[in-house]
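K.L.:
Please build the complete structure, drawing on both the sequences and the hints.
The chain contents come next:
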Amino acid sequence: MDLSVDIGKIKLKNPVMTASGTFGYGEEYAGFIDINELGALVVKGLSLLPKQGNPPPRIVETPAGMLNAIGLQNIGIDKFLQEKLPYLRQFNTPVIVNFFGDSVEEYVKAAERLSSADGIHGLEMNISCPNKEAGWSVFGTDPEITYRVVSSVRKATDLTLIVKLSPNVTDIALMAKTAEDAGADAVSLINTLTGMAIDIKTRKPKLANIRGGLSGPAVKPVAVRMVWECYQKIGIPIIGMGGIITADDAVEFMLAGASAVAIGTGNFINPGVTMDVLSGIKSFISAEKINSLKELTGRVEC
Amino acid sequence: MLSVDSRLDPLLKRPFSLHRFVSGDLQFLYKVVGKATSILKEKKTGDIMELIGPLGNGFPLNQAGKVKPVLVAGGMGIAPLVALAEKVAKQEPFFFYGARSADELLCLDELDSIGIAPVVSTDDGTAGRKGFVTELVDEFLTKRHSSDLYSIYACGPKPMLAALSGVAKKHKVKAYMALEESMACGVGACLGCVIKTVDGYKRVCKEGPVFSFDDIMW
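Chains A and B, in that order, are what the protein sequence lines are. Mapping of the first sequence onto our numbering: position 239 corresponds to residue 239, and the numbering continues sequentially without gaps. Counting from 1 along the second sequence, just add 302 to a position and that's the residue number in our numbering.
Be aware that a few hints might be false.
Some chain A residues flagged as far from chain B (calculated, every beta-carbon gap over 12 Å) [what the hints assert, rightly or not]:
1) 8
2) 18
3) 53
4) 58
5) 92
Pairwise CB distance ranges (calculated) [said to hold, decoys possible]:
6) A:288 <-> B:346: 37 to 45 Å
7) B:360 <-> A:221: 50 to 58 Å
8) B:468 <-> A:130: 48 to 56 Å
Hints are computed from structural coordinates only; laboratory data are not their basis. C-beta atoms are modelled at their ideal positions from N, C-alpha and C, and glycine is treated no differently.
P.N.:
In structure tokens form, the structure reads like this:
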């Protein structure tokens, strides 16, 4: 049974990854699963300088989902390299670092700094954050700006470069194609969908930040549709995510066009979810008499 | 973090304090306030639920010295304090307990069985003193001379804990407060349950839920 997947230069032993921001820096979940069994571990998004994030309340549960407005709180790249990366080097699971910036220059500097470290196998660019050079509009909602920032980072790193796409756009396949043209090795999607929840008694937003990102099973059909649309427009691998909590969900993403899958909110519901999904995928392909997982990708029959 | 069942709504586990551990049984004390606790109420003996824990820290105890524990519960904040009272019973703790009304005063029998008679206040005056429990604590400490011989351990609604912090500051008494926040992961990964402290945001699930009163920016 061949479960391996290639994402750029990274060879994953299986397709099950963690989604950035839901798995901390790995050690938070080491008591629940064997990190070595993961296909790849994607750590919490990092910026050059530490960020304190948004004021609380930062999360609110919604039907089959949750809204979060953490505000990209992180310890900064230097502290990650000194305090968190050494711990992750002990595992034989590829480490992918999610990162972001508020200008093209900051993205490039962050990518350079991360690329010089030993033990990082790939970079995932979060482009769903505000751009200070364009009136704080979101990088990943404008194809020209997306092209500029991705191609600049491409020149700054030899590591496998994954671009994490924002679903808050009219045509996600266009954004995926733009990332591919700019030199990305893979795309991951979807990031959270912008949402809002209101307390009807106090008439106040439930999140201090007013708006937040929706994740969890509630977003899965949107994510599957977007993966399917991107798969038809690009040649680079897709990492599918958005509400995966079972192996069936993961297989659905693969049929839509994903080569690998990432689990996010599912980790909160069940800290052992990644292992459950992995064993479920094995059972599925064995029951379906499939030799290689690659035979699933994009095989939805429309 | 307790998962009441496997349905998708409510989606997330719920944080509960450990109430008591009696003859091999772990006890939780909860009030029905929403979806998850309504499901919990329907559970029967033999039903299986998943939980992860214990998580986070606990109350820092000083059982060696002469320091007298002063326990302060507000409403459902009684939940983690009964076991604490039991643990420090030999130090003859003082216990203050405030609730909205007499019928919301819980665990009085349990406290009695460990030899503790709480000083009670209610918002509506149906039991004990009419008013806030923090006023009782303030009066208690005012009558004492050397406040460094007392240490406050509290759990309750945030406004009560904020007021109690003021009382602790005024009397120069150490105070430790167990906080409650909405949580998603419970293990320090999601950064959803943070509270503002003098050292920036801290996770209630990981660095807490117990904080020293002077660490919190109320």
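K.L.:
So, for every hint listed, does it hold in this structure?
P.N.:
Structure-based check of all given hints:
The non-interface label for residue 8 of chain A is consistent with chain B: the shortest C-beta to C-beta separation is roughly 26 Å, beyond 12 Å. With a cut of 12 Å on Cβ distances, residue 18 of chain A falls inside the contact zone with chain B, its closest approach being about 10 Å. Consistency note on residue 53 of chain A: stated as away from chain B, yet its beta-carbon is not over 12 Å from all of that chain's, at 6 Å minimum. Annotated as non-interface, residue 58 of chain A brings its C-beta within 12 Å of a C-beta of chain B; the closest such distance is 5 Å.
With a least CB separation of 22 Å from chain B, residue 92 of chain A remains clear of the 12 Å interface cut-off, as annotated. For the pair residue 288 of chain A and residue 346 of chain B, the beta carbons lie near 39 Å from each other, so the given range of 37 to 45 Å is met. A hinted range of 50 to 58 Å for the beta carbons of residue 360 of chain B and residue 221 of chain A is inconsistent with their spacing of about 43 Å. Between residue 468 of chain B and residue 130 of chain A, the C-beta spacing of about 39 Å breaks the proposed range 48 to 56 Å.
Figure legend: structure checked against the earlier numbered hints; hints not met, in rising order: 2, 3, 4, 7, 8.
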